[in-house]
Every structure is written in C-alpha cells, then in structure tokens.
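**Student:** Listed below are the residues making up each chain.
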Amino acid sequence: MSVIYLLITISIFVAIGFFVAFIVAVKSGQYDDDYTPSVRMLFDDEIKKTPQKQIQTTEKKQI
Amino acid sequence: MDTQNCFHCGLDIIKEEEIIFDNKNFCCNGCKTVYEIFSVNDMTCYYDFEKSPGATPLDIKGKYEFLDNENIIAKLLDFQETTTAIVSLSIPHIHCSSCIWILENLQRLQQGISSSQVNFPEKKVRITYNPEQVSLSEIVYLLSSIGYEPYISLENYETGKKSVDRSLTYKLGVAFFCFGNIMLLSFPEYFEVTEYWLDTYRPFFRWLIFALSLPSFFYSASSYYVSAYKGIRSKILNIDIPIALGIVVMFVRSTVDIVFDYGSGFFDSLTGLIFFMLLGKMFQIKTYSFLSFERDFKSYFPIAITRINPDNSEESVPVYDIVKGNRLLIRNQELIPVDGILISNSASVDYSFVTGEAVPITKNSGDKIFAGGKQIGKVIEMEVLQSTSQSYLTQLWSNDIFQKNVTQRHKNITDTISHYFTPILLLIAFLSFGYWIFIDTITAFNVFTSILIVACPCALALTAPFTMGNILRILGKKKFYLKNALVIEQLAKVDTIVFDKTGTITTNKKSSISYKGAPLWGDELVAIKNIVRASNHPLSRMLYDFLPDMSKVVIADFEEINGQGIQGSYKDRKFQIGSAVFVGKNEEQGVLQTAVHIAIDGKYYGKYIFNNQYRDGLESLFKGLKQSYQIKVLSGDNDGERKALETFLPQGTELIFNQNPEQKLEFIKNLQDQGKNVMMVGDGLNDAGALAQSNIGISISENVNVFSPACDAILEANEFDQLHYFLRLSKKAMTTIKMSFVLSLLYNVVGLSFAITGNLKPLVAAIIMPLSTITIVSFVTIMSNYYSRKLKKE
Numbered sequence: 001m002s003v004i005y006l007l008i009t010i011s012i013f014v015a016i017g018f019f020v021a022f023i024v025a026v027k028s029g030q031y032d033d034d035y036t037p038s039v040r041m042l043f044d045d046e047i048k049k050t051p052q053k054q055i056q057t058t059e060k061k062q063i
Numbered sequence: 001m002d003t004q005n006c007f008h009c010g011l012d013i014i015k016e017e018e019i020i021f022d023n024k025n026f027c028c029n030g031c032k033t034v035y036e037i038f039s040v041n042d043m044t045c046y047y048d049f050e051k052s053p054g055a056t057p058l059d060i061k062g063k064y065e066f067l068d069n070e071n072i073i074a075k076l077l078d079f080q081e082t083t084t085a086i087v088s089l090s091i092p093h094i095h096c097s098s099c100i101w102i103l104e105n106l107q108r109l110q111q112g113i114s115s116s117q118v119n120f121p122e123k124k125v126r127i128t129y130n131p132e133q134v135s136l137s138e139i140v141y142l143l144s145s146i147g148y149e150p151y152i153s154l155e156n157y158e159t160g161k162k163s164v165d166r167s168l169t170y171k172l173g174v175a176f177f178c179f180g181n182i183m184l185l186s187f188p189e190y191f192e193v194t195e196y197w198l199d200t201y202r203p204f205f206r207w208l209i210f211a212l213s214l215p216s217f218f219y220s221a222s223s224y225y226v227s228a229y230k231g232i233r234s235k236i237l238n239i240d241i242p243i244a245l246g247i248v249v250m251f252v253r254s255t256v257d258i259v260f261d262y263g264s265g266f267f268d269s270l271t272g273l274i275f276f277m278l279l280g281k282m283f284q285i286k287t288y289s290f291l292s293f294e295r296d297f298k299s300y301f302p303i304a305i306t307r308i309n310p311d312n313s314e315e316s317v318p319v320y321d322i323v324k325g326n327r328l329l330i331r332n333q334e335l336i337p338v339d340g341i342l343i344s345n346s347a348s349v350d351y352s353f354v355t356g357e358a359v360p361i362t363k364n365s366g367d368k369i370f371a372g373g374k375q376i377g378k379v380i381e382m383e384v385l386q387s388t389s390q391s392y393l394t395q396l397w398s399n400d401i402f403q404k405n406v407t408q409r410h411k412n413i414t415d416t417i418s419h420y421f422t423p424i425l426l427l428i429a430f431l432s433f434g435y436w437i438f439i440d441t442i443t444a445f446n447v448f449t450s451i452l453i454v455a456c457p458c459a460l461a462l463t464a465p466f467t468m469g470n471i472l473r474i475l476g477k478k479k480f481y482l483k484n485a486l487v488i489e490q491l492a493k494v495d496t497i498v499f500d501k502t503g504t505i506t507t508n509k510k511s512s513i514s515y516k517g518a519p520l521w522g523d524e525l526v527a528i529k530n531i532v533r534a535s536n537h538p539l540s541r542m543l544y545d546f547l548p549d550m551s552k553v554v555i556a557d558f559e560e561i562n563g564q565g566i567q568g569s570y571k572d573r574k575f576q577i578g579s580a581v582f583v584g585k586n587e588e589q590g591v592l593q594t595a596v597h598i599a600i601d602g603k604y605y606g607k608y609i610f611n612n613q614y615r616d617g618l619e620s621l622f623k624g625l626k627q628s629y630q631i632k633v634l635s636g637d638n639d640g641e642r643k644a645l646e647t648f649l650p651q652g653t654e655l656i657f658n659q660n661p662e663q664k665l666e667f668i669k670n671l672q673d674q675g676k677n678v679m680m681v682g683d684g685l686n687d688a689g690a691l692a693q694s695n696i697g698i699s700i701s702e703n704v705n706v707f708s709p710a711c712d713a714i715l716e717a718n719e720f721d722q723l724h725y726f727l728r729l730s731k732k733a734m735t736t737i738k739m740s741f742v743l744s745l746l747y748n749v750v751g752l753s754f755a756i757t758g759n760l761k762p763l764v765a766a767i768i769m770p771l772s773t774i775t776i777v778s779f780v781t782i783m784s785n786y787y788s789r790k791l792k793k794e
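Protein chains in written order, with this note's numbering: chain Y, 1 to 63; chain P, 1 to 794.
Just so you know, the hints here were simulated from the structure itself, not pulled from any lab data.
Please note: incorrect hints may appear among the correct ones.
If you want the footprint, here are the derived chain P segments under chain Y, 3+ residues with CB under 8 Å [unchecked claim]:
(1) 95-108
(2) 118-130
(3) 646-654
All residues carry an ideal CB built from backbone N, CA and C; glycine is no exception.
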C-alpha cells in the first residue's frame with residue numbers, strides 16, 4: 001500500500017509544476033493584455049494570403 | 001449612391017474634392033497618401049479587417065522637433081542601448097483590429113524597427129528599434145503620416161516606468177492551488193469510513209493538508225491581517241477584523257485538532273474561504289486601462305516647445321526650461337504652455353480644454369494669453385510672462401486638495417455593518433463559552449472556536465465586492481466609467497449636484513445659430529455657404545453645417561485672413577465674412593456673444609450669432625433630478641445666459657456666474673461644510689479643483705480617450721441624459737447590498753446554532769461556507785442585473 005505515498009507525492013509535484021508555470025506566466029505579463037493576442041492570432045494566416053486577399057477587396061469595394 | 005464614403009477614413013466625400021486613385025475614392029490627399037504608402041508596401045490587407053479604419057493624417061511639420069533632443073528621448077524610452085531601444089507610445093486612434101495589424105507590421109514600412117506590439121486595452125504600442133538606423137522622431141513622423149499620431153505629453157516626460165502590481169493575482173493563484181489540493185485530499189475524511197487502510201494513512205493525509213494550508217494562510221490571507229491590524233490601531237471595527245480573527249482561530253483550532261488527533265480540522269473551509277474572498281476582491285477591481293482618472297495639467301501640456309533665441313535661431317527646449325522673457329514659437333494646433341504676451345499680429349486661441357468653450361477667442365498683438373489654450377491657424381510668437389508652474393491655470397494644482405492623498409474619506413457600508421457585527425459576535429462567543437465551561441471544558445473551547453469560525457463574515461464580506469463589481473461593469477457598458485467600486489457608494493449618498501455650464505450642460509460640438517440683420521437671398525446664401533466651406537475655422541464649420549444644402553459653385557479670389565475672417569467673390573460680388581473689425585464695423589460694446597459678420601461689396605448686412613446649445617435631454621434630466629437633489633449651476637462666464645437658463649431649468653435651481661477655478665473649488669467646499677454630499681459635474685481643466693474637492697467628481701468627455709481632468713468617474717458626453725438613471729441604479733445597488741446582508745446574516749444564524757450547541761462538524765462547515773458564498777453571489781448578480789433593466793424601462 002505504500003504506493004499511495006509515491007502516487008500522492010508525484011501528484012503534488014505535478015500540481016506544483018502547473019502552479020510554477022502559472023506564476024511564470026503572470027510574471028511575464030501574459031495576463032496584462034487579454035484582448036490583443038486574441039486578435040493577433042488571426043493575422044498570421046492573412047499575411048501569407050495577401051495577394052489573393054487583395055483582389056477580393058478590390059472587387060468588394062467596387063460594388 | 002449619393003454620398004460616397006472615403007475608402008480610408010470613412011468620412012463623406014465632398015464631390016469637388018474627391019480624389020480617385022487605384023479605383024478607390026478618397027476624401028482628401030492625406031487619406032490617399034496613406035493608402036499609397038500601404039499599397040506600395042503591399043500592406044493593403046489593412047482594409048480587410050475593418051471597413052474604412054483609417055484617420056486622416058494631420059499636418060504636424062515641426063511639432064515633434066523636440067524628439068531630436070537627446071535628454072528628452074532618454075526620458076521617453078523604456079530601454080536604451082547602442083543598437084536597441086524600446087519605446088511605448090500611446091496612440092488614441094487605436095480602435096479596431098486593422099489598427100493592431102498595421103501597427104504590428106511597422107517593420108515593413110520602416111527599416112530599423114525590429115518589432116512592435118500593440119496593447120489594445122491601453123491603446124499603446126511598444127516599438128523596438130535600432131537607434132542607429134532610425135530615430136524616434138522618424139518613427140513618430142511615420143506613425144503620424146499613416147494617421148496614427150502618438151500622444152506625447154509632459155506626463156510621459158515626468159513619470160518613469162510604472163510597475164504593475166500583480167500581487168493579488170499571485171495570492172489568488174496560491175489560494176486556489178491550496179484550496180483545490182486540500183479539497184481533494186479531504187475527501188476520504190468526509191465519508192468517515194472506518195476502513196483499515198484509511199485509518200493507517202489518515203495522519204499522512206492530515207499533515208499533507210496542514211502543509212498545503214500554510215502558503216494560503218501566511219501569504220494569500222496576509223492582506224487581511226494587515227488591514228485588521230490597521231483597523232484596530234485606528235480604532236475602527238472594520239470587516240477585516242472578524243475575518244482575520246476567524247481565519248486565525250480556524251487555523252489554530254485545526255492545527256490543535258490534528259496534533260492531538262481530535263479530528264481533521266477545518267483546513268478545507270479555511271482555504272476555501274480565503275480563495276472566495278480574494279476572488280471577490282479581484283472581481284471588484286475593474287480597471288479601464290485606456291482611461292486615466294489622475295490626469296492633471298501635465299497630461300495636456302507638450303514636453304517641449306520651440307524657443308526663439310536672441311540670434312533668431314530656433315531651438316526646441318523642454319517646457320520646464322522656459323523662463324520669463326523667452327520668446328516662443330507656437331504652431332498650428334500647439335498648446336500654449338505658459339502665460340505670456342502675444343507678439344504676432346493676431347491669434348485665435350481655442351480654450352476648450354480649459355473652459356469647454358469650443359469657439360476660439362481672437363487675440364491681438366499685446367494681449368495676454370493664458371496657458372492651456374491651443375493656437376489655431378498660423379504660427380504665432382509670444383513672450384513668456386510666467387514659467388509653466390507659475391501660470392494662472394497650473395497654480396490651481398498647488399492647492400491643498402491636490403496634495404492630499406485622499407484614500408478613503410468615508411467609512412464604507414461593509415465597515416458600518418461590521419461596526420455592530422463584531423461586538424455582537426464576540427459577545428455571543430464569550431457567552432456560550434461561559435455557559436459551556438461549567439459543563440465541559442473541552443466542549444467550551446470547541447464551541448468558542450466554532451462560533452468564531454462559522455461566524456467569520458465571509459458572505460458578508462463578499463456581498464459588497466460582487467454587487468459593486470457587477471454594477472461597475474453594467475455602468476461601464478453604458479459608457480459611464482467609474483474609478484473604483486467605492487464611487488458607487490458615494491453616488492448613492494449624493495444630495496447636491498453642481499453642474500458646470502460651458503461644455504458640461506452645453507455641448508461644444510453644436511451651436512444654435514441665428515441671423516440678425518438685412519435679409520440675405522438666394523445667390524448670397526449660396527456664396528456664403530461656399531466660402532465658409534473652404535475654411536477650416538471652427539466657426540466656419542459650424543456655419544457651414546447650419547446653412548441649408550445648396551448647389552456648389554466656384555468661388556473666386558478666396559482668401560483667409562487669420563484671426564480676422566474670410567473673403568471671396570461670386571458673380572462679381574465681393575463677400576466678406578468674419579469679425580466685426582474685418583467687415584468694417586465697430587465692435588459693439590458690452591455685447592459678449594460670438595458672432596460672424598457678413599458684408600457684401602463693402603456694405604454691412606448682418607451677423608450670425610452663435611448661441612450655446614444645451615445638451616439633448618437636459619430639461620427632462622433636470623426635472624427628474626430636481627425631485628430628489630439640490631441642483632446648482634456654476635459658470636465661468638458672465639450672466640448673459642441667465643434668462644435662457646431660467647426658462648427651462650426647474651425653479652429654485654441656483655445659478656452662479658463669473659466663477660474662476662478657485663472660486664468653484666471654494667463653492668464646493670462651502671457646500672460640504674454645510675454637511676452636503678456634493679457631486680460635481682464638469683469638463684474642463686478649470687473645473688479640476690472643484691472635481692477634486694467634491695465628494696464625487698464626474699467629468700464629461702466628448703472623447704474619453706484623450707481629455708478629461710482628474711476625477712472619480714468619466715461619463716461619455718452622449719450619455720449625459722442618462723445621469724439620473726446612473727444615480728438611481730447606484731441607490732438600488734446599496735439596497736441590493738443591504739438585502740443580501742440580511743441573507744448572509746441568516747446563514748450566520750444557522751451556522752451559529754450548530755456552533756453554540758457544539759455540533760459543528762468539519763463537514764457541516766465545508767458545506768455551509770461555499771453554499772452561502774454561491775447563494776450570495778448569485779443573489780446580488782441577479783438583483784443588480786434586474787434593477788439595471790427595470791430602471792431602464794421606467
């Protein structure tokens with residue numbers, strides 16, 4: 001039954017690992033701005049497709 | 001389609017000025033240029049994310065010359081090395097995803113910029129660049145040329161980097177970590193199964209729980225001990241005293257329990273309590289990071305100004321280095337930072353930041369001009385009379401009211417309740433202890449600690465933060481931004497409301513215009529409309545909007561004489577529009593109204609008079625407010641408007657005219673000395689003293705991102721007529737809090753009945769604690785949302 005000591009110790013260490021990750025994330029300022037990243041992540045694809053996109057806009061705006 | 005909108009900025013295009021480029025329509029050359037820059041750099045997907053996202057770039061030549069001054073740059077930068085520099089610039093125009101995209105791709109427009117990152121809620125962009133390849137002023141000019149002019153003020157110059165306080169987040173994280181793990185480990189105890197292996201491992205579980213509770217007890221809850229200690233020292237029975245007492249007793253009792261193997265202790269409830277209370281604190285803090293409630297004159301004033309040296313060379317110097325006798329050069333749209341005397345022939349100064357009056361005032365050579373005005377039109381020269389800190393306007397800030405760090409002037413509602421709650425709680429605890437001590441000593445101690453544990457006013461302490469936090473968000477959605485939750489309580493207590501006149505109850509966007517003089521007919525009106533169209537003077541713009549739509553014709557010999565007026569010819573008739581002197585008429589004495597005079601072929605016709613336009617819904621708002629509040633109107637102007645005001649303001653409204661900023665402050669102070677709770681509603685810098693002195697200062701702002709003096713709340717100008725609703729909602733918020741106080745006291749009574757009879761099991765505590773929290777939180781959320789809807793309908 002002493003396996004329970006081992007398991008609980010491991011689980012506590014895993015929990016502490018996540019906790020440390022949280023502290024590091026807060027410290028790096030990740031939670032200071034919770035809006036911009038949500039918009040930013042949508043851009044990366046758009047840039048690659050720029051040429052196609054451009055044609056689309058021209059058509060759209062002419063209407 | 002009749003009116004077309006500019007592809008870049010979305011404004012209506014005036015047909016004659018339309019520019020067609022690359023199959024797209026633009027309203028002006030500026031917008032076209034921005035589009036050109038983007039299309040050359042293959043960045044037109046700026047226009048994909050949002051329709052017409054841009055702003056017309058303004059002419060800012062020379063405005064940022066001071067950015068070549070090494071000392072000033074050093075103050076602005078966040079970080080500086082030979083090849084890397086980081087600067088954070090505040091850009092008020094940031095408003096959509098296109099803005100984020102273009103600002104984060106600056107490196108494609110300018111060599112030397114390595115990266116840029118936008119913080120949307122704060123409307124800031126952080127640019128990393130190489131100072132050897134590109135200078136800060138080049139970056140600022142680039143940003144301005146694409147319509148994103150940064151806002152650099154004296155405030156940036158003075159304050160260093162602000163460190164962000166994240167301790168509450170850490171505390172909450174620690175509390176949640178401890179709470180979660182302890183809950184899991186406590187599970188076996190809840191079922192009280194007497195099984196061989198559970199009995200064997202019980203001490204291990206218990207000591208693990210004990211260890212896990214330590215960070216929560218010592219770190220997360222630390223602010224409650226500090227606050228309780230401060231409360232005791234200043235002899236105020238605040239709510240944190242019973243909380244801290246409850247937490248400490250809980251911890252000691254639980255430790256004793258597991259040391260002597262009496263039971264499992266209350267560690268689960270303890271950590272849960274700390275977590276929920278911190279969560280409440282977190283919820284109460286809602287910051288509008290793009291707004292500033294602490295602005296003083298520094299955030300309006302420029303960092304540097306152009307000085308003309310005796311040898312006629314121009315030099316950019318920091319505002320603080322200006323001394324009496326210097327000659328300064330003020331360009332179009334630049335703010336006058338000091339009091340002085342005008343040297344140039346004439347100037348038109350816009351004092352809207354100071355008084356809220358949008359119509360510029362014309363000054364002539366030799367006139368005194370005050371700091372805080374904005375020059376409109378051509379470049380002027382002035383001689384300095386007083387340095388910045390001694391100027392008329394800035395002296396207001398040397399008043400005591402701005403020096404005092406007023407943290408909390410009033411006892412809040414929770415502390416008021418606690419004032420009665422704490423002694424009663426202690427009384428009950430000691431009485432039951434006295435009763436049980438004769439029966440059984442151990443039970444007596446158990447009962448004593450149980451009472452303190454179960455009565456720990458967790459739900460009580462959570463009521464106010466959750467109600468206030470929720471109301472704060474509801475108001476924020478309705479464009480009424482509060483500095484913090486305490487303001488709601490103050491709002492509910494207000495009994496006297498003082499309004500500023502110009503810019504607060506009048507709008508500086510619109511003016512009602514009337515014409516007096518010989519009648520003007522067809523062609524004459526057409527000509528006037530077309531002449532004023534060509535001018536950018538605010539009065540011309542207002543007159544243009546006022547005149548009915550007419551055909552557009554070509555005006556010959558158009559000329560704008562700054563500070564005087566405009567002229568042009570149509571069908572061989574010469575039209576002059578402008579000041580009385582300009583049209584060859586003597587200025588009337590004693591009439592202090594803004595007017596534009598018209599002369600045709602040298603013959604005087606008449607004048608357009610600009611009257612103050614009161615905000616929409618003002619009359620009904622005042623009527624509503626009058627029933628429950630005393631209303632007073634303060635004005636810096638003369639009493640020319642008294643008659644007009646009296647006609648539509650409810651009877652008994654006190655009107656006081658000719659008040660300077662100091663007198664406004666004194667006026668508020670006098671009211672407070674009479675025991676009134678005063679709310680001041682103002683807008684300009686001249687109200688700043690009164691706003692700071694009042695119990696609650698509300699600043700009305702046409703553009704919340706840019707200008708508002710220091711205050712407790714900022715209200716967007718369009719929502720002005722909602723003021724009564726906000727006041728009523730704040731009162732209902734207090735009612736909600738009182739109702740849920742009753743509810744949480746009921747929980748306390750139930751808990752206490754368990755405790756007094758000596759039956760408080762850890763399991764009971766573990767159920768009562770979260771249950772009461774959840775009921776209270778949902779109760780106040782539902783009630784405050786219900787009230788916000790119900791009041792809206794009325």
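**Student:** Can the region 95-108 of chain P be counted as covered by chain Y under the rule of three residues or more with Cβ-Cβ separation shorter than 8 Å?
**Tutor:** Contact hint for the region 95-108 of chain P vs chain Y: holds, 5 residues under 8 Å.
**Student:** With a cut-off of 8 Å between beta carbons, are at least three residues of the region 646-654 of chain P near chain Y?
**Tutor:** Contact hint for the region 646-654 of chain P vs chain Y: violated, 0 residues under 8 Å.
**Student:** Counting residues of the region 118-130 of chain P whose CB is closer than 8 Å to a CB in chain Y, do you get three or more?
**Tutor:** Since three or more residues must qualify, the claim that chain Y covers the region 118-130 of chain P holds, with 5 doing so at under 8 Å.
Of the numbered hints stated above, the single one contradicted by the structure is hint 3.
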